[in-house]
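Asks: Under my numbering, the residues of the sequence shown are numbered 768 to 931, in order.
Source of the hints: derived by calculation from the structure; they are not laboratory data.
No false leads were mixed into what you were given.
Restraint-style ranges between C-beta atoms, simulated for each label pair:
no. : residue 1 : residue 2 : range
1   : Tyr834    : Glu879    : 30 to 40 Å
2   : Thr837    : Glu879    : 36 to 46 Å
3   : Arg928    : Glu793    : 34 to 44 Å
4   : Gly927    : Tyr834    : 10 to 20 Å
Even for Gly, the Cβ is constructed at its ideal location relative to N, Cα and C.
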Amino acid sequence: MTSKRFSFSGELKIIGVNPYLEIPQEILESIFELAKKDKGPIPVCGTVNQQEFRQTLVKYAGEWRFYINTVMLKNSPKRIGEILEVEITFDNENREIAIHPNLQQALNSNVEALQVFEKLTPSVQKEIVRYIANLKSEESRERNIARAIQFLLGNERFIGRDKP
768 MTSKRFSFSG ELKIIGVNPY LEIPQEILES IFELAKKDKG PIPVCGTVNQ QEFRQTLVKY
828 AGEWRFYINT VMLKNSPKRI GEILEVEITF DNENREIAIH PNLQQALNSN VEALQVFEKL
888 TPSVQKEIVR YIANLKSEES RERNIARAIQ FLLGNERFIG RDKP
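Go ahead and model the full structure; you've got the sequences and the hints to work with.
Replies: Next comes the structure, spelled out in structure tokens:
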């Protein structure tokens, strides 16, 4: 089920190294109404310059931001000041990524690693699950599951992170 899409034009701005757009307040409030919330990350979808996207609205430094990455807009960091055409709405599609059965089995086989995993923030848990789920080969998946377990045990870095 697709929600009503809202259209606007906006100037691409940057905060730190992150290009973003400000969403007009009336559209933001309509998205909050569709999402039935106005706190936490809010999944959205639509088009930027007629290219489809799936993204998440987040509140940073007291302001809601619609970040524009290079997948959504080629060379976006070099396009600051450009006016973009946007269609946007709340994305009610399930974005949950199921834990790969081999990762679940590895966690179940190592109580200490499982306990550490369960104490991680949901975002770090999701990052590990997503990383493993997106690997292409079974060999790579098994190698990285072993690395994930070692990471959870505090023995090595994984996904660019030091020990938990």
